[in-house]
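**Student:** So the chains spell out like this:
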Amino acid sequence: MENTLEITGAIITLIGSIFLFLGSLGLVRMPDIYNRIQTGTKASTLGTILTLLGIALMNTDWFGKILLLMIFILITNPVSSHVLARAAHYIKSPLTKISVTDKLVDN
Amino acid sequence: MNIKNLSISFIILMVTWLLLNGNLEIITIISGIIISVLLAYIFCKKCDVFSNIKFTPKAFFYFIIYFFIFIVELIKSNFDVARRVLTPSLPIKPGIVEVKTKLKSKIGRIILANSITLTPGTLTIEMKEDRLYIHWIDVRNDDINEATKQIVQKFEKYLEVIYG
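Listed in order, the protein sequences are those of chains A and B.
Following numbering that gives the first Met the number 0, the numbering of the first sequence begins with 0 at its first residue and continues without gaps.
Following numbering that gives the first Met the number 0, the numbering of the second sequence begins with 0 at its first residue and continues without gaps.
Treat each hint with caution, since some may be false.
[Unchecked claim] Stretches of chain B that chain A covers, calculated by requiring three or more beta carbons in the stretch to come under 8 Å of a beta carbon on chain A:
id: 1; segment: 18 to 26
id: 2; segment: 83 to 97
[As the list claims (entries may be wrong)] Computed far set for chain A versus chain B, every beta-carbon distance over 10 Å:
id: 3; residue: 2
id: 4; residue: 3
id: 5; residue: 6
id: 6; residue: 9
id: 7; residue: 11
id: 8; residue: 12
id: 9; residue: 52
id: 10; residue: 54
id: 11; residue: 56
id: 12; residue: 57
id: 13; residue: 85
Please keep in mind that the hints were generated in silico from the structure rather than gathered at the bench.
Where is the CB? At the ideal position from N, CA and C, for every residue including glycine.
Using the sequences provided together with the hints, build the complete structure.
**Tutor:** Shown next as C-alpha cells:
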C-alpha cells in the first residue's frame, strides 16, 4: 500500500514536471511578452499543483500544508501574470507582428 | 461592524491555521481562535470584500459545479498550450479583444478575471468598469458580443448565482 502511494506520487510529480518543461519551452518559442506570459502562467499553475500533489501522496503527513500551498498558487499566479501583462501594455511593449487586433489601444 | 465579513475572514484564518499545524490538539485550537479573532477584527473591521457572497444551497451547489468546470478548463488549457508549443509552425493568432461582464460585485469580478487567465488561450490585461481587455492567443472573433459569448459566459452564469 505504501509502495503504491509512493509510485503514484512519483508519476504525478513527473507529469507535473513535464508540464513545467513545456511551459519553459513556450517561453523560448513564443514571439512576444503577452504570449510568453500566457504559456508561462498556465503551465506553471498546473505543473506546480501536480508536483505538489505528488509530494503530498508520497508524504501524507504534509497534506494540509501542501493543500495550503496549492490554494496559494491558484490564487496568486493569475494575479501576478495579470499585473505583469498590464505593466507591459502600459509601457507600450509591442505585440508581435501577426497580431490581429488591439482594442485596448483604440480606447 | 460587519458580522458577515468578520466571520468569513475568521473562518479563512482558522482553517489556514489548522492546516498549517496539522493537528487538532486543544492548545492549537484555543490559540488559533484567539489569534484569528484578533486578526479578523484588526484587519477586517471595515472591509466589504465578502459582502456579496450568498449562503444559499443553490449558491453552494453552483460553487461545486463551478469548481469542477474550472479544473476541467485548467487541464484543457494546459493541453492547449502543450499543443501550440510543440507544433513546429507555432499556430497562434494573437490579439487583444474587449469583452463585457454582467457581474457587479468586486470579488465576483476578481474571480472571473482570474478564471479567464487560467482558461485556454486567454489572459486578462486590463479591467475598466464592466469592460475586460483580454489577450487571446487565437482570436476567432473580435466583435465584443461574440467574444463575450465565447470567453466570459461559461463562468459568468455560475458566478452570478454565487456572488451577484
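**Student:** Go through the numbered hints given earlier and state which of them the structure violates, listing their numbers in rising order.
**Tutor:** 13
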